[in-house]
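There are 2 protein chains.
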Amino acid sequence: MNKYNIAVIRVVTLEDEHILNIHGKLIEKYYPNLNTKTFCIENQYKGIYDDKSHNEAVPKIIKLVKAIYKDFDGVIISCAGDPAVKQLKKDLNIPVIGAGECLSSLSIIYGNKIGVIGIGENTPKSIKEILENKIVKYIQPKNIKNTTDIHKEGGMEAIKNACKEIESVGADVIILGCSGLSTAGVFKHLSKNLLIPVIDPVFAEATIMFALCNKKLY
Amino acid sequence: MNKYNIAVIRVVTLEDEHILNIHGKLIEKYYPNLNTKTFCIENQYKGIYDDKSHNEAVPKIIKLVKAIYKDFDGVIISCAGDPAVKQLKKDLNIPVIGAGECLSSLSIIYGNKIGVIGIGENTPKSIKEILENKIVKYIQPKNIKNTTDIHKEGGMEAIKNACKEIESVGADVIILGCSGLSTAGVFKHLSKNLLIPVIDPVFAEATIMFALCNKKLY
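Order-wise, the sequence lines are chains A and W. First residue of the first sequence? That's 4 in our numbering, and the numbers climb one at a time after it. First residue of the second sequence? That's 4 in our numbering, and the numbers climb one at a time after it.
Don't take each hint at face value.
Said to hold, decoys possible - Dumping the calculated DSS-like pairs for lysine-lysine here, alpha-carbon to alpha-carbon at most 27 Å:
{"no.": "1", "chain 1": "A", "residue 1": "Lys92", "chain 2": "W", "residue 2": "Lys92"}
{"no.": "2", "chain 1": "A", "residue 1": "Lys49", "chain 2": "A", "residue 2": "Lys116"}
{"no.": "3", "chain 1": "W", "residue 1": "Lys92", "chain 2": "A", "residue 2": "Lys116"}
{"no.": "4", "chain 1": "W", "residue 1": "Lys218", "chain 2": "A", "residue 2": "Lys40"}
{"no.": "5", "chain 1": "W", "residue 1": "Lys32", "chain 2": "A", "residue 2": "Lys218"}
{"no.": "6", "chain 1": "W", "residue 1": "Lys63", "chain 2": "W", "residue 2": "Lys140"}
{"no.": "7", "chain 1": "W", "residue 1": "Lys131", "chain 2": "A", "residue 2": "Lys116"}
{"no.": "8", "chain 1": "W", "residue 1": "Lys191", "chain 2": "A", "residue 2": "Lys137"}
{"no.": "9", "chain 1": "W", "residue 1": "Lys140", "chain 2": "A", "residue 2": "Lys92"}
{"no.": "10", "chain 1": "A", "residue 1": "Lys93", "chain 2": "W", "residue 2": "Lys191"}
{"no.": "11", "chain 1": "W", "residue 1": "Lys167", "chain 2": "W", "residue 2": "Lys140"}
{"no.": "12", "chain 1": "W", "residue 1": "Lys218", "chain 2": "A", "residue 2": "Lys28"}
{"no.": "13", "chain 1": "W", "residue 1": "Lys32", "chain 2": "A", "residue 2": "Lys6"}
{"no.": "14", "chain 1": "W", "residue 1": "Lys89", "chain 2": "A", "residue 2": "Lys167"}
Unchecked claim - Label-pair restraints from in silico Cβ distances:
{"no.": "15", "chain 1": "A", "residue 1": "Leu197", "chain 2": "W", "residue 2": "Glu20", "range": "41 to 47 Å"}
{"no.": "16", "chain 1": "W", "residue 1": "Asn136", "chain 2": "A", "residue 2": "Lys55", "range": "29 to 35 Å"}
{"no.": "17", "chain 1": "W", "residue 1": "Lys6", "chain 2": "A", "residue 2": "Leu197", "range": "58 to 64 Å"}
{"no.": "18", "chain 1": "W", "residue 1": "Pro62", "chain 2": "A", "residue 2": "Lys49", "range": "52 to 58 Å"}
{"no.": "19", "chain 1": "W", "residue 1": "Lys128", "chain 2": "A", "residue 2": "Pro35", "range": "44 to 50 Å"}
{"no.": "20", "chain 1": "W", "residue 1": "Met4", "chain 2": "A", "residue 2": "Lys128", "range": "34 to 40 Å"}
To be verified - Which residues of chain A face chain W? A partial, calculated answer using Cβ under 10 Å:
{"no.": "21", "residue": "Asn96"}
{"no.": "22", "residue": "Tyr113"}
{"no.": "23", "residue": "Ile202"}
In short, the hints are calculated from the structure, not lab data. Note that this is a predicted model, so its numbers are computed, not measured. Ideal Cβ placement from N, Cα and C applies to all residues, glycine included.
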């Protein structure tokens, strides 16, 4: 089978090479035909967590992707808010995807009552636009307001509680609506504690990117 | 990587072994980690093409799947109408998917204006339930009223014309809303003639089934 070179864009400034590469390594583990190289935007140490930080990131992402995309078969914007994704899809001739649309895509396989957890006050806009009234509940776990909070004491417990609450309202599936939740590896912890399935952002991105690359062959 | 054994259910009675296995062989080509075995329902030589034939097929599919599922890691109901899929999802402890939900899932990656072609008078119910007002146009190509009509003279031309018409209304993507269109291999012909992407039912099924099997590892 063909191998594909994928650029992974982190929308948080990460100076530690190991942390920078966590999403890329996960993508390669899930779909070994994808080779990744990871980039991050500058000067945004708390990532994207509200409209202001989203809007600040968009031009940075567009500039970064346009500088590097020619060496790749596809670009993953590894963020559930899908910042700059619509614009880049129009401008580039290779697949560009965001975590939000990929999570939404996979979620509908499980049913039409979808729960979402995330770090913002509301459901990420892109997920809301796609799933509309299929979203039965959104929760921002207690004390988690940006991607760094996930790793603080009590963070995992708050996420588990939020998921339990979503399960209790009768959702068919839970979307982890922030790619920082993949970095923290919460998916493994959660899936053992819940009766309903959970969709991980980086897993969703990897699935859809491989599909788009693979589809080109046929 | 793990290999998974997948049961493929054709909802049309097929006595020719080669034709019976076309979807399974395509699935194995797209995702070589999936091994397939194909079954078909009895006494339904024109497949599913309206409400009556859909309702006739449902109990046959349920009976067939319940007799064989224990030997498999997942079951694909290879029909865009997703007959019996919701019921089987509830009843079985392995992934069960239908072409309709998989097509819908992948389509939203391309935008929110989705065109569909199919063999019934209306959009397959399952696709309509999922995509709702994202469907901008449905066309039943001229003189194509069931899965055998696709192969008749003028069939491919009618399908091409329908797709061109969907493109002309500004759709972002076209769903091939009948798995018989995969059997006939129309995807290859179409993608060369259109500016917008086309999603093939069997490709969509294979992508989602592999994702569901693969997800269990992590």
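For each hint, the structure was consulted:
1. A:Lys92 x W:Lys92: Violated, at about 34 Å.
2. A:Lys49 x A:Lys116: 31 Å, violated
3. W:Lys92 x A:Lys116: Given pair Lys92 of chain W, Lys116 of chain A holds - Cα atoms ~15 Å apart, limit 27 Å.
4. W:Lys218 x A:Lys40: 23 Å, holds
5. W:Lys32 x A:Lys218: 11 Å, holds
6. W:Lys63 x W:Lys140: At roughly 32 Å apart (the allowed maximum being 27 Å), Lys140 of chain W and Lys63 of chain W break the hint.
7. W:Lys131 x A:Lys116: Given pair Lys131 of chain W, Lys116 of chain A holds - Cα atoms ~16 Å apart, limit 27 Å.
8. W:Lys191 x A:Lys137: It is violated: about 34 Å lies between the C-alpha atoms, which goes past 27 Å.
9. W:Lys140 x A:Lys92: 22 Å, holds
10. A:Lys93 x W:Lys191: Roughly 24 Å separates the two Cα atoms, so the pair holds.
11. W:Lys167 x W:Lys140: 12 Å, holds
12. W:Lys218 x A:Lys28: Distance ~16 Å between Lys218 of chain W and Lys28 of chain A Cα, so the pair holds.
13. W:Lys32 x A:Lys6: 15 Å, holds
14. W:Lys89 x A:Lys167: Within the cut-off at roughly 24 Å; holds.
15. A:Leu197 x W:Glu20: 41 to 47 Å: For Glu20 of chain W against Leu197 of chain A, whose Cβ atoms are near 43 Å apart, the range 41 to 47 Å holds.
16. W:Asn136 x A:Lys55: 29 to 35 Å: Distance hint for Asn136 of chain W, Lys55 of chain A holds at roughly 31 Å.
17. W:Lys6 x A:Leu197: 58 to 64 Å: At roughly 28 Å between Cβ atoms, Leu197 of chain A and Lys6 of chain W fall outside 58 to 64 Å, so the hint is violated.
18. W:Pro62 x A:Lys49: 52 to 58 Å: Once the Cβ atoms are compared, 56 Å apart, the range 52 to 58 Å for Lys49 of chain A and Pro62 of chain W holds.
19. W:Lys128 x A:Pro35: 44 to 50 Å: 37 Å, violated
20. W:Met4 x A:Lys128: 34 to 40 Å: 35 Å, holds
21. Asn96: For Asn96 of chain A, the interface hint is violated, since the closest Cβ of chain W sits about 12 Å away, which is over 10 Å.
22. Tyr113: 8 Å, holds
23. Ile202: 8 Å, holds
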